[in-house]
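Asks: Single-letter residue listing:
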Amino acid sequence: MLLCLDMASKTPIYMQIRNEIVLGIASGELAPGEKLPTIRALAEQCGVNMMTVNKAYGLLRQEGYITTDRRGGTAVAGSPGAGALGDKYAGALRIIAAEARLAGLSEDGFAALCREAYRGGDSNG
Amino acid sequence: MGETVMSIFWLVIMLPCLIIIGVLLTNDAKPKKNIVLGVTLNYAGLHDKRVDAILRRFKRTVWIWCGVSSAAFAAMALLDMGQFIMWSIVLLIVAIIVPYVFYVRANRSLTALKKAEGWSVPHTGGVFVDLRAAANPAKPVKRSAFLPPVVIALVPLVMALCSADEAERLGGILMSAAIAFICLMCMLMYPLILRQRGDVAGPDRDVNAALTRVRRYNWTKMLLATSYLTSIFMLLFYLCMDSELWTLVLTAVYMFVLIGICIATEFTVRRTQERLTRDDPGYIDEDELWLWGMFYNNPNDRHLFINDRTGSGMGVNIGRPAGKVFMALTAALLVGLLVLCIALALGFSSPFEASIADGTLYFSHGAEKYEIALEDITGLDLIAKLPPARRVAGTGLPNLLEGRFTVEGYENVRISLNPEQPPYIVVQTVDITRIFALDSSEETEAFYEELQEAV
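Top line first, the protein sequences correspond to chains A and B. Numbered as in our numbering, the first sequence ends at 116 without a single skipped number. Numbered as in our numbering, the second sequence ends at 456 without a single skipped number.
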């Protein structure tokens, strides 16, 4: 799986790493149980501070996307499978929906966009 | 050794450098990881006739330049040995820099064409890392593999410390320091290679992993070979230091083998990159981060050293302050070398001048200038033959010996003379012995008489 980081983006690097890994898991490019690079190795590969990768891994671990074992290293845990979005993301989706409404997008149009984005994760797998 | 032999030897060393530069640069016109002359192109771009025309023009210009430079080298061989060496170094530096101007020109033409045609690949901009390849790195070689050459470096040191001769001791310590430095550099550079970003050509993890593995494996081989070869060469050089012929032969063999190893490494990596990505439609485009396709410029990347996108080379990230300093120092070093060579070339052609005024002997030849109070002179002699001498530091050419030498029968000697033009004047003081001669035998003899009277 290719991790793409836009160094000039306003999105923090740790968040970009987190997002890319989540996208990778959702698309099936990263299978459950698959080993991820160590914090040091990934930091060296990306040319970023180890703290940045540590923060991204910490967040992913907290969200249940990855697991860390002292002997086995870091691995993909798969989807947390809660069946619902957390409050944070549900709120973010509400804002996007509001913006879509203000932009003049119909409900069906917005739903189609959402469907496309949602399936984008599955269809690549 | 004759001047002609030395000139031929020097030409044999210099001319291949031009050919190597020509081969390396024109090889950049062959696509590797979909990159030609530092520009990432998609399938349509790589097969476009206009691109082909730019690449052909570039290759032709480089080879014409190499031919002209080689002819200039050959013409320079008619100069005095000292001047020939110095001017040829100046020409070599210019001859290496100019083709890069052609490279930049071709790179800009290709970039403009790519922009005009909208040839894009799926991933443009940003930094790409193959997570799977990064999670499964190849096993590195143990650092202890680099230790034996460092141990060999201690041999000349011990031998030098046991020597009774001061100059020999100094030479041995310098030699040992040089070996230890090169071997240590190889040892320290190895982890740097392992810490570099892996190669990413596309989404195929196996291809990415293979590209990274080939690069690291060849670097490891090259560093180990350089380390062992240097230590063995230096040891043999130290043992054969008295024989001019053997030192020359050893140096030539060492240089050719070392350059051969570097070239073999570079082309093995290039060939693999070419082969593994030949059918790749093109995925990754990092052109924005590479100034003129040559210099990596990414202030957000913590790496100071960065792998070249094609080949096995490594460059500096000029986006970082340390990278800028590094580049500025390299440029300053290059300019300094040019100035030094020009100054030395002019110095070699300057006349030997000696005079006596106000009870002082004045001597000058290029940068070698000194004065001796006549009352300090403890011994004066005119010798028809120079005793066996060995250079410690300075110039040792068939027609010029200048600098610090160990000379049989004398202590602490500085020489400035043409060994093909005896006799030589020996001036001894409590601190130093100076042996010099003027431009012709008659002038030397006349000055010796003048000096003898004054003393």
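No lab work stands behind these hints, which were simulated from the structure alone. Check the hints yourself; a few may be wrong.
Stated by the list, open to error - The list that follows gives simulated cross-link-like pairs (lysine-lysine, BS3-like), each with its CA atoms no further than 27 Å apart:
1) B/325 / A/1
2) B/140 / B/60
3) A/1 / B/116
4) A/26 / B/140
5) B/143 / A/26
6) A/79 / A/1
As the list claims (entries may be wrong) - Each pair of labels, with its calculated beta carbon distance range:
7) B/300 / A/108: 24 to 34 Å
8) B/300 / A/82: 46 to 56 Å
9) B/48 / A/-1: 27 to 37 Å
10) B/178 / A/42: 52 to 62 Å
Stated by the list, open to error - A few chain A residues facing chain B, derived, Cβ under 8 Å:
11) -8
12) -5
13) -4
14) -2
15) 30
16) 32
17) 35
18) 37
19) 42
20) 58
21) 93
All residues carry an ideal CB built from backbone N, CA and C; glycine is no exception.
Asks: Each hint should be assessed against the structure and marked as holding or not.
Replies: Hint check results:
A C-alpha spacing of about 25 Å is found between residue 325 of chain B and residue 1 of chain A, which places the hinted pair at or below 27 Å, so the restraint holds. With a CA separation close to 39 Å, the supplied pair residue 140 of chain B and residue 60 of chain B exceeds the 27 Å bound. A C-alpha spacing of about 26 Å is found between residue 1 of chain A and residue 116 of chain B, which places the hinted pair at or below 27 Å, so the restraint holds. About 16 Å separates the Cα atoms of residue 26 of chain A and residue 140 of chain B, which keeps this hinted pair within 27 Å; it holds.
A hinted pair counts as satisfied when its Cα atoms are at most 27 Å apart, and residue 143 of chain B with residue 26 of chain A qualifies at roughly 24 Å. Note on residue 79 of chain A and residue 1 of chain A: the hinted pairing holds, with a Cα-Cα distance of about 19 Å set against a maximum of 27 Å. Evaluation of the 24 to 34 Å hint for residue 300 of chain B and residue 108 of chain A yields a pass: the beta carbon distance comes to about 33 Å. A beta carbon spacing of about 34 Å between residue 300 of chain B and residue 82 of chain A contradicts the range 46 to 56 Å that was offered as a hint.
Range check, residue 48 of chain B to residue -1 of chain A: about 32 Å between beta-carbon atoms, so the 27 to 37 Å window is met. For the hinted restraint 52 to 62 Å between residue 178 of chain B and residue 42 of chain A, the CB-CB distance of approximately 39 Å leaves it violated. Checking residue -8 of chain A against chain B by beta carbon gives a least distance of about 5 Å; that is within 8 Å, so the hint holds. Hint status for residue -5 of chain A: holds, given a least beta-carbon distance of 5 Å to chain B, under 8 Å.
Hint status for residue -4 of chain A relative to chain B: holds, with the closest Cβ pair at about 5 Å, below 8 Å. The interface hint given for residue -2 of chain A is met, as the beta carbon of that residue sits about 3 Å from the closest beta carbon of chain B, less than 8 Å. A distance limit of 8 Å between C-beta atoms decides the matter here; for residue 30 of chain A the minimum to chain B is near 11 Å, and the interface restraint is violated. For the restraint placing residue 32 of chain A at the interface with chain B, the shortest Cβ-Cβ distance is roughly 5 Å, inside the 8 Å limit, so the hint holds.
For residue 35 of chain A, the shortest C-beta to C-beta distance to chain B is roughly 5 Å, which falls under 8 Å, so the interface hint holds. Satisfaction of the interface hint for residue 37 of chain A is found here, the shortest Cβ-Cβ separation to chain B being roughly 6 Å, below the 8 Å cut-off. About 11 Å separates the beta-carbon of residue 42 of chain A from the nearest beta-carbon of chain B, more than 8 Å, and the hint is not met. At a threshold of 8 Å, the smallest CB-CB gap from residue 58 of chain A to chain B is about 14 Å, leaving the interface hint violated.
This hint is violated: residue 93 of chain A has a C-beta 30 Å from the nearest C-beta of chain B, more than the 8 Å allowed.
Of the hints listed earlier, those the structure fails to meet are numbers 2, 8, 10, 15, 19, 20, 21, in rising order.
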